[in-house]
Structures are given as structure tokens and as C-alpha cells.
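If you use our numbering, the sequence shown corresponds to residues 1 to 440, in order.
These are calculated hints, taken from the structure and not from any lab test.
None of the values given here were measured: they were computed from a predicted structure.
A few of these clues could be false.
[As the list claims (entries may be wrong)] Cross-link-like lysine to aspartate or glutamate pairs, in silico, EDC-like; alpha carbons within 20 Å at most:
1. K316 x D434
2. K214 x D129
3. K237 x E373
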Amino acid sequence: MEATKTKSPWWWVPTLYFAEGVPYFVVNNISVMMFTKMGVPNGDMSFFTTLLYFPWFLKGVWSPIVDVVKTKRWWIVAMQILLTAMMIALTITLPKPEVVAGAQNTPIGIFWFTLVLFIIAAFASATHDIAADGYYMLAHSPSSQAAFIGIRSVFYRVASVFGQGVLVFIAGVVETRTGDIPWSWQVTMGVAAAVFFIITLYHTFALPHSADDKPRIDANAAGSITANLGELANSFKTFVQKPHVLLAIAFMLLYRLPEGFLIKLCQPFLVQPTSVGGLGLSTELVGTVYGVFGVIALLLGGILGGIYSSRVGLKKSLWVMAAFMTLPCLTFVYLAIYQPTNVIVITIALCIEQFGYGFGFTAYMLYMMYFSEGEFKTSHYAICTAFMALSMMLPGFVAGFIQEAIGYINFFWMVMACCIATLVVTYFVDKKIDPNYGRK
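Working from the sequences, and respecting the hints, build out all of it.
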């Protein structure tokens with residue numbers, strides 16, 4: 001560790017996890033808002049933007065390569081350079097369809113090159129996540145890692161505010177001043193590219209060279225990769241042999257089902273005109289209300305959820321958190337039926353839903369840790385996170401098509417009906433949980 005003792009983690013941990021979050025939110029959130037404002041129908045938008053999530057679902061497959069070839073630091077800087085290039089390319093090549101706000105007639109086909117760039121950025125971002133998390137464990141001591149675990153989470157959420165709030169707000173301001181929607185997103189992607197270029201340049205010099213961060217490419221590299229893949233296969237084998245595994249998988253796929261449908265249509269609902277069932281908010285207002293206040297409510301819910309669960313344990317908190325996960329979805333039924341114009345009312349409704357989601361999601365994370373307990377805890381938790389990703393992807397593929405077929409009001413009532421699935425799997429899982437797990 002000699003090479004890292006002279007450089008405080010304060011110099012690189014905050015920026016590293018900000019850099020981990022920005023491309024994730026650009027790929028998975030900015031793309032949704034951008035395609036919606038460009039007039040892409042909700043069905044096509046939700047299907048193709050859900051495809052962009054595949055690299056995070058599959059990243060465990062190629063993680064052995066990152067572990068063996070080159071250093072983690074090399075992968076971090078290389079992926080940041082590639083991501084900067086992709087953002088610049090998106091800025092330059094973004095098509096300019098003739099659309100007006102809320103139009104629903106722009107073929108997704110004209111964005112094929114944009115989608116390719118987003119896919120490359122998604123794979124680069126997922127690879128960056130693998131390298132950054134590995135580097136974090138190598139570049140400073142275990143005690144320092146524990147001390148900075150909260151810092152990395154905070155700056156990842158700062159990236160969320162930047163991606164869902166600041167960038168969307170910038171797009172809205174440009175759109176309002178120029179009336180040119182495609183240009184507003186070119187400017188937004190240009191700002192993202194400029195910020196990410198500065199971060200990449202900084203990390204090229206600021207990231208410490210850890211003595212433990214060594215490439216393992218040698219004559220046995222192929223064997224090392226094969227061994228890692230074999231270990232991955234063995235972890236899957238032991239995972240499916242765990243008691244009540246089918247129930248656990250059902251819980252991981254269905255507990256968040258309402259949110260899986262809701263998350264893809266939330267932003268389109270907010271910006272699309274009242275004539276098609278939306279709220280007709282401006283892009284910059286959505287950036288403030290949803291991307292800033294909503295994220296703050298989400299964080300507050302997560303913090304309070306963590307405090308509550310640590311006091312009473314997973315079993316006693318599970319039903320309370322399931323209620324918080326499901327009942328706030330009613331706020332979107334209210335918004336769709338009454339279409340309020342008061343920004344304060346809309347903000348309160350969104351904050352209630354986001355707070356409930358943040359609070360209720362704590363039980364989901366705790367359950368994944370609980371089910372992963374045992375000899376292969378790390379690998380089994382990684383498999384659980386893959387099911388977590390799948391739980392968001394499966395509803396996302398069809399959410400937009402369902403909304404187009406039945407309208408926003410019926411769609412949000414359907415989301416409420418999906419809460420039954422959450423409660424059913426909670427009922428059965430609750431019977432299998434150790435009453436003392438998660439309590440201090």
C-alpha cells in the first residue's frame with residue numbers, strides 16, 4: 001500500500017463515484033426523457049431504453065476479464081475516455097426530427113445510430129462499475145474503506161441529482177429559450193461530455209497507483225479467466241441449491257413489480273400534454289421537481305428505512321416497508337385523474353412516492369443480503385443483484401405498450417393492482433425469515 005499512503009481518499013473517492021453515477025443516469029434516465037421529448041411513442045421508448053440496461057444485468061459475465069487483464073486503474077481511465085468519446089459523439093450526431101413537445105409520432109428508427117452509441121456507453125459504464133468497485137477495495141486500507149462507504153454513496157447520489165436534475169433542467173431552459181427540442185438535448189449532452197472530460201483528465205493524474213492493483217495477465221491468464229468463470233458457474237450451482245430458492249427468486253422479481261412499471265412512464269407522464277393524459281410540465285420543471293426534490297425524498301426514505309430496520313430487524317420491518325413500497329403508487333392515480341396544475345401539489349405527490357420507494361426498498365436490499373448468507377456470500381449477492389436488474393427490465397419492456405393501449409389512468413390503476421404481487425410474496429417470505437436478522 002506504500003504508493004497510496006500519501007494521497008488521501010478525499011482526493012479521488014468522491015469524484016470516482018460521481019463518475020460512476022453520471023453515465024448510468026445519462027444512459028438510463030436522460031435517454032428516456034430525450035426520446036419522449038423527441039416524440040418517440042412510449043412503447044418504443046420503454047422497450048429500447050430497457051434494452052440499454054442489459055450490460056448491468058450481465059456485467060458479472062465479463063468481470064473476470066477486468067479482474068485479470070490490466071490494472072483496475074487502467075480500466076477506470078480507459079472506460080472514462082471511451083465514455084467521454086461516446087457523449088461527444090451523441091452530441092454531434094443526434095438526429096433532429098421535426099417534433100413539437102408531446103408529439104407521439106417520431107419513428108425510433110431514425111435514432112438507430114444514437115441507440116448504438118448508448119449501447120456502447122452502457123457497456124463502458126458497466127465495465128467502469130466493475131473496475132471502480134474493485135479499485136476501491138485495493139487502493140486504501142480496510143478501515144479507510146469502511147470510513148468512506150458513506151461518502152461514495154453520497155457522491156453517487158450527487159451524480160443522480162446531476163443526471164436527473166441538473167442536465168434535465170438545462171435541456172428545459174434551452175428548449176424554452178430556443179423552442180428547438182433536438183438542440184436542447186445536444187447542448188445537454190455537450191455539458192455532460194464536458195463535465196466527464198474534466199473528470200477523466202483529473203483521474204488520469206489524481207488516481208493513486210496502488211501496489212496491490214496489479215495486472216494478472218501472464219501465461220496462465222487464460223487459465224485464470226477459466227477458473228473465474230468456473231467459480232461463477234459453481235456459485236450459480238450452489239445458489240440454486242439454497243433452501244427456498246424459488247420463493248426467493250419470486251420475491252426478488254415481484255416485490256418491485258409496481259415500481260418496475262412506474263419508473264419507465266413517470267417522466268413521460270410528467271411532460272406529455274394533458275390532452276393525452278399527462279401533466280404537461282416543462283422539461284426544466286421536471287428536472288427540478290423530480291430530479292432534485294424527488295431524489296432528496298428518495299434519499300431520506302432510504303436513510304430512515306435503514307435506521308428503522310436496524311432497530312426492529314428485517315422480519316418486523318418487512319410488512320411496514322412493503323406498505324410503503326406499494327401505497328404511495330396511489331399518488332400517480334390521483335395525478336392522472338385530476339391532472340393538477342399546482343406545482344406544490346405535484347411536488348408533494350412525487351416526493352411521497354419517492355420517499356415510500358426509498359423506505360420500502362431497504363427491505364429488498366436487506367432480504368438479498370439475508371438470502372446470500374453462507375460460504376459464497378459475495379457471489380450469491382451478485383446473483384441476487386442480477387435478479388434485481390431483471391425485476392426492472394421485464395416490466396420495462398412492455399410498460400410503454402400497455403400505457404399506449406389503455407391510457408395513463410388505467411395504467412396507474414394497473415400498477416396498483418400489481419401491488420398485490422408485492423404483498424403475496426411478502427406474505428410467504430415473511431414466514432422464512434429469522435426474527436433476529438438485521439437487528440443491532
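Consistency of the hints with the structure:
no., hint, in the structure
1, K316 x D434, "10 Å, holds"
2, K214 x D129, "18 Å, holds"
3, K237 x E373, "15 Å, holds"
The structure fails none of the hints (numbered hints given earlier).
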